[in-house]
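Quick note: the sequence shown, position 60, residue 60 per the working numbering, numbers continuous.
Note that these hints are calculated values from the structure, not bench results. No incorrect hints appear here.
Quick list of in silico lysine-lysine cross-link-like pairs, DSSO-like style, CA-CA up to 30 Å:
#1 K129 x K93
#2 K93 x K103
#3 K129 x K103
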Amino acid sequence: MNKKIKIFLLILGALTLLTACGKKEETLEAYVLTEGSEDVVVALDSILGEGEAILSSVDAPTDIAIEEGLDVSHTYHYRQMEDPAELAGRYAKVLMGGEQGFKALDEENHLLTEEPVADTLIGEIILGKAATAESEDGGSRFVRVVVGWSEYSVAVQVAYMSGRMLPPVEDEKVKEEEETKPSAVSEQLDYFNSLNPSQLGLDGDDMSDYMVYPQQAWVLVDGISCRELRVYLQDAKNATNVIVGTFYLSSDMSHVYKKNADGQIVPVSVD
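Starting from the given sequences, assemble the full structure and let the hints guide the process.
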(Lines of atoms letter the chains of each structure in order from A and count residues from 1; the text may use other names and numbers.)
(Lines give C-alpha, C1' and ligand atoms only; values in the text may rest on other atoms or scores of the structure.)
Protein backbone atom coordinates (compact mmCIF):
# COMPACT_ATOMS: atom_id res chain seq x y z
CA MET A 1 0.00 0.00 0.00
CA ASN A 2 1.22 3.52 -0.82
CA LYS A 3 3.08 4.92 2.20
CA LYS A 4 1.20 8.24 2.19
CA ILE A 5 -2.16 6.50 2.10
CA LYS A 6 -1.09 4.18 4.93
CA ILE A 7 -0.29 7.26 7.02
CA PHE A 8 -3.64 8.75 6.07
CA LEU A 9 -5.48 5.65 7.30
CA LEU A 10 -3.46 5.57 10.51
CA ILE A 11 -4.40 9.17 11.20
CA LEU A 12 -8.02 8.35 10.44
CA GLY A 13 -7.94 5.42 12.87
CA ALA A 14 -6.37 7.53 15.60
CA LEU A 15 -8.97 10.23 15.23
CA THR A 16 -11.78 7.77 15.89
CA LEU A 17 -10.52 7.58 19.46
CA LEU A 18 -10.70 11.35 19.96
CA THR A 19 -13.70 13.40 20.94
CA ALA A 20 -14.40 16.68 19.19
CA CYS A 21 -15.18 19.14 21.95
CA GLY A 22 -16.10 22.78 21.95
CA LYS A 23 -16.25 23.08 18.12
CA LYS A 24 -19.07 24.63 16.23
CA GLU A 25 -20.38 22.45 13.42
CA GLU A 26 -19.22 23.72 10.04
CA THR A 27 -20.88 23.22 6.69
CA LEU A 28 -18.85 23.30 3.47
CA GLU A 29 -20.15 23.38 -0.06
CA ALA A 30 -16.84 22.52 -1.70
CA TYR A 31 -13.20 21.78 -0.91
CA VAL A 32 -10.71 24.25 -2.41
CA LEU A 33 -7.28 22.78 -3.17
CA THR A 34 -5.28 26.01 -3.27
CA GLU A 35 -6.10 29.69 -3.15
CA GLY A 36 -7.18 30.96 -6.55
CA SER A 37 -7.44 27.49 -8.04
CA GLU A 38 -10.32 26.68 -10.38
CA ASP A 39 -10.31 23.09 -9.15
CA VAL A 40 -12.86 22.50 -6.43
CA VAL A 41 -14.32 19.28 -5.10
CA VAL A 42 -17.92 19.12 -3.94
CA ALA A 43 -17.83 18.57 -0.18
CA LEU A 44 -19.22 15.62 1.71
CA ASP A 45 -21.39 18.15 3.56
CA SER A 46 -23.44 18.60 0.38
CA ILE A 47 -25.02 15.15 0.71
CA LEU A 48 -25.52 15.12 4.48
CA GLY A 49 -29.00 15.14 5.92
CA GLU A 50 -29.72 17.15 9.03
CA GLY A 51 -27.69 15.76 11.92
CA GLU A 52 -26.34 12.90 9.78
CA ALA A 53 -22.68 13.73 10.52
CA ILE A 54 -20.49 16.63 11.60
CA LEU A 55 -17.20 18.01 10.36
CA SER A 56 -15.00 17.53 13.42
CA SER A 57 -11.61 18.80 12.21
CA VAL A 58 -9.56 19.87 9.20
CA ASP A 59 -5.88 19.13 8.57
CA ALA A 60 -4.28 21.78 6.34
CA PRO A 61 -0.73 22.24 5.02
CA THR A 62 1.48 24.94 6.49
CA ASP A 63 2.33 28.12 4.59
CA ILE A 64 5.98 27.05 4.48
CA ALA A 65 5.06 23.72 2.83
CA ILE A 66 3.02 25.56 0.21
CA GLU A 67 5.80 28.08 -0.44
CA GLU A 68 8.32 25.25 -0.83
CA GLY A 69 6.12 23.64 -3.48
CA LEU A 70 5.75 20.40 -1.54
CA ASP A 71 2.98 17.94 -2.26
CA VAL A 72 0.28 19.21 0.07
CA SER A 73 -3.22 18.04 0.93
CA HIS A 74 -6.23 19.00 2.99
CA THR A 75 -7.98 16.34 5.04
CA TYR A 76 -11.51 16.78 6.38
CA HIS A 77 -12.62 14.54 9.26
CA TYR A 78 -16.28 13.69 9.93
CA ARG A 79 -17.84 11.90 12.86
CA GLN A 80 -21.16 10.91 14.40
CA MET A 81 -22.62 9.13 11.37
CA GLU A 82 -24.66 5.95 11.61
CA ASP A 83 -22.87 3.98 8.88
CA PRO A 84 -19.46 5.37 7.82
CA ALA A 85 -18.96 2.85 5.01
CA GLU A 86 -22.36 3.59 3.47
CA LEU A 87 -21.74 7.34 3.68
CA ALA A 88 -18.28 7.02 2.12
CA GLY A 89 -19.63 4.89 -0.72
CA ARG A 90 -22.49 7.30 -1.36
CA TYR A 91 -20.13 10.25 -1.47
CA ALA A 92 -17.76 8.43 -3.85
CA LYS A 93 -20.66 7.84 -6.26
CA VAL A 94 -21.44 11.56 -6.22
CA LEU A 95 -17.84 12.35 -7.12
CA MET A 96 -17.94 9.79 -9.93
CA GLY A 97 -21.12 11.32 -11.31
CA GLY A 98 -21.30 13.29 -14.53
CA GLU A 99 -20.87 16.74 -13.01
CA GLN A 100 -17.80 15.87 -10.95
CA GLY A 101 -16.26 13.36 -13.35
CA PHE A 102 -13.86 11.57 -11.02
CA LYS A 103 -12.51 8.13 -11.93
CA ALA A 104 -11.57 5.30 -9.57
CA LEU A 105 -7.82 4.72 -9.08
CA ASP A 106 -5.62 2.17 -7.36
CA GLU A 107 -2.84 3.04 -4.93
CA GLU A 108 -0.37 3.60 -7.77
CA ASN A 109 -2.79 5.95 -9.58
CA HIS A 110 -3.77 3.43 -12.26
CA LEU A 111 -7.36 3.75 -13.47
CA LEU A 112 -9.60 0.91 -12.28
CA THR A 113 -11.86 -0.95 -14.68
CA GLU A 114 -14.44 -1.78 -12.00
CA GLU A 115 -16.41 0.60 -9.81
CA PRO A 116 -15.18 0.56 -6.20
CA VAL A 117 -17.50 -0.45 -3.37
CA ALA A 118 -17.53 0.42 0.33
CA ASP A 119 -18.44 -2.94 1.83
CA THR A 120 -15.83 -3.28 4.57
CA LEU A 121 -15.68 -1.97 8.14
CA ILE A 122 -12.49 -0.03 7.38
CA GLY A 123 -11.34 1.01 3.93
CA GLU A 124 -10.74 3.69 1.35
CA ILE A 125 -11.67 4.68 -2.19
CA ILE A 126 -9.20 6.64 -4.32
CA LEU A 127 -10.52 8.91 -7.08
CA GLY A 128 -8.90 11.26 -9.56
CA LYS A 129 -9.54 13.59 -12.48
CA ALA A 130 -7.43 15.89 -14.63
CA ALA A 131 -6.72 19.33 -13.23
CA THR A 132 -8.06 22.40 -15.02
CA ALA A 133 -4.55 23.80 -15.44
CA GLU A 134 -0.93 22.71 -15.22
CA SER A 135 1.17 23.38 -12.15
CA GLU A 136 3.11 26.63 -11.78
CA ASP A 137 6.24 25.01 -13.22
CA GLY A 138 4.29 23.84 -16.27
CA GLY A 139 4.09 20.18 -15.31
CA SER A 140 0.98 18.06 -15.67
CA ARG A 141 -1.08 17.21 -12.59
CA PHE A 142 -4.41 15.81 -11.51
CA VAL A 143 -6.78 16.14 -8.57
CA ARG A 144 -6.87 13.16 -6.23
CA VAL A 145 -9.48 12.51 -3.57
CA VAL A 146 -9.08 9.73 -1.00
CA VAL A 147 -12.27 8.84 0.85
CA GLY A 148 -11.40 6.77 3.92
CA TRP A 149 -13.63 5.34 6.58
CA SER A 150 -13.37 3.47 9.84
CA GLU A 151 -15.91 2.05 12.23
CA TYR A 152 -16.78 5.49 13.58
CA SER A 153 -15.63 8.15 11.12
CA VAL A 154 -15.07 9.27 7.54
CA ALA A 155 -12.16 11.34 6.24
CA VAL A 156 -11.79 13.06 2.87
CA GLN A 157 -8.32 13.99 1.61
CA VAL A 158 -7.98 16.27 -1.43
CA ALA A 159 -4.69 17.10 -3.13
CA TYR A 160 -2.94 17.87 -6.39
CA MET A 161 -0.75 15.04 -7.65
CA SER A 162 2.09 15.56 -10.11
CA GLY A 163 1.95 13.71 -13.41
CA ARG A 164 -1.01 11.98 -15.00
CA MET A 165 -3.36 9.20 -14.08
CA LEU A 166 -2.06 5.92 -15.50
CA PRO A 167 -3.88 3.44 -17.77
CA PRO A 168 -5.46 0.36 -16.19
CA VAL A 169 -2.89 -2.26 -15.21
CA GLU A 170 -4.45 -4.88 -17.50
CA ASP A 171 -4.26 -2.49 -20.47
CA GLU A 172 -0.57 -1.89 -19.78
CA LYS A 173 0.07 -5.64 -19.60
CA VAL A 174 -1.67 -6.21 -22.94
CA LYS A 175 0.28 -3.33 -24.51
CA GLU A 176 3.55 -4.67 -23.13
CA GLU A 177 2.81 -8.15 -24.42
CA GLU A 178 1.97 -6.77 -27.86
CA GLU A 179 5.16 -4.73 -27.95
CA THR A 180 7.36 -7.65 -26.86
CA LYS A 181 5.60 -10.38 -28.84
CA PRO A 182 8.23 -12.02 -31.09
CA SER A 183 7.70 -11.53 -34.80
CA ALA A 184 7.12 -14.59 -36.95
CA VAL A 185 10.01 -16.24 -38.78
CA SER A 186 8.52 -15.26 -42.15
CA GLU A 187 8.34 -11.59 -41.06
CA GLN A 188 11.95 -11.62 -39.95
CA LEU A 189 13.13 -13.28 -43.15
CA ASP A 190 11.21 -10.77 -45.29
CA TYR A 191 12.80 -7.92 -43.39
CA PHE A 192 16.31 -9.36 -43.43
CA ASN A 193 16.15 -10.15 -47.15
CA SER A 194 15.02 -6.59 -47.85
CA LEU A 195 18.34 -5.23 -46.56
CA ASN A 196 21.17 -4.29 -48.86
CA PRO A 197 24.07 -6.78 -48.60
CA SER A 198 26.50 -3.88 -48.23
CA GLN A 199 24.75 -2.93 -44.97
CA LEU A 200 25.63 -6.37 -43.64
CA GLY A 201 29.21 -6.38 -44.94
CA LEU A 202 28.34 -8.77 -47.77
CA ASP A 203 29.02 -8.54 -51.50
CA GLY A 204 26.39 -7.89 -54.14
CA ASP A 205 23.38 -5.66 -54.58
CA ASP A 206 20.60 -8.02 -53.60
CA MET A 207 20.08 -10.56 -50.85
CA SER A 208 18.49 -12.90 -53.41
CA ASP A 209 22.01 -14.11 -54.12
CA TYR A 210 22.15 -15.55 -50.62
CA MET A 211 20.31 -18.24 -48.70
CA VAL A 212 19.26 -17.35 -45.16
CA TYR A 213 18.56 -20.10 -42.64
CA PRO A 214 16.85 -19.01 -39.41
CA GLN A 215 17.38 -20.94 -36.18
CA GLN A 216 14.30 -21.74 -34.07
CA ALA A 217 15.77 -20.90 -30.67
CA TRP A 218 15.99 -17.34 -29.34
CA VAL A 219 19.28 -16.03 -27.95
CA LEU A 220 20.07 -12.97 -25.85
CA VAL A 221 22.39 -10.36 -27.33
CA ASP A 222 23.03 -7.30 -25.15
CA GLY A 223 19.99 -8.39 -23.13
CA ILE A 224 17.78 -8.36 -26.27
CA SER A 225 15.95 -11.45 -27.51
CA CYS A 226 17.23 -12.25 -31.02
CA ARG A 227 16.90 -14.94 -33.67
CA GLU A 228 20.12 -16.33 -35.15
CA LEU A 229 20.27 -16.13 -38.95
CA ARG A 230 22.94 -18.04 -40.86
CA VAL A 231 23.69 -16.69 -44.33
CA TYR A 232 25.08 -18.96 -47.07
CA LEU A 233 26.34 -18.41 -50.62
CA GLN A 234 26.31 -21.22 -53.16
CA ASP A 235 29.68 -22.30 -54.47
CA ALA A 236 28.79 -23.23 -58.05
CA LYS A 237 32.20 -24.78 -58.66
CA ASN A 238 31.86 -27.31 -55.84
CA ALA A 239 28.02 -27.34 -55.71
CA THR A 240 28.11 -26.59 -52.01
CA ASN A 241 26.81 -23.89 -49.74
CA VAL A 242 29.41 -21.80 -47.97
CA ILE A 243 28.52 -19.89 -44.82
CA VAL A 244 29.42 -16.22 -45.22
CA GLY A 245 27.99 -14.77 -42.03
CA THR A 246 26.04 -15.28 -38.85
CA PHE A 247 23.62 -12.54 -37.87
CA TYR A 248 21.19 -11.88 -35.02
CA LEU A 249 17.89 -10.06 -35.57
CA SER A 250 15.93 -8.80 -32.56
CA SER A 251 12.38 -10.02 -32.04
CA ASP A 252 10.98 -6.57 -32.88
CA MET A 253 13.35 -6.25 -35.88
CA SER A 254 14.84 -3.02 -34.56
CA HIS A 255 18.37 -4.36 -33.93
CA VAL A 256 20.77 -6.35 -36.11
CA TYR A 257 24.00 -7.90 -34.88
CA LYS A 258 26.82 -9.75 -36.66
CA LYS A 259 29.32 -12.32 -35.41
CA ASN A 260 32.84 -11.31 -36.37
CA ALA A 261 35.62 -13.68 -37.40
CA ASP A 262 36.96 -13.61 -33.85
CA GLY A 263 33.57 -14.69 -32.50
CA GLN A 264 32.54 -11.30 -31.09
CA ILE A 265 28.97 -10.16 -31.71
CA VAL A 266 28.75 -6.50 -32.72
CA PRO A 267 25.83 -4.26 -33.73
CA VAL A 268 25.22 -3.52 -37.40
CA SER A 269 23.79 -0.19 -38.54
CA VAL A 270 21.07 -0.71 -41.15
CA ASP A 271 19.48 2.77 -41.04
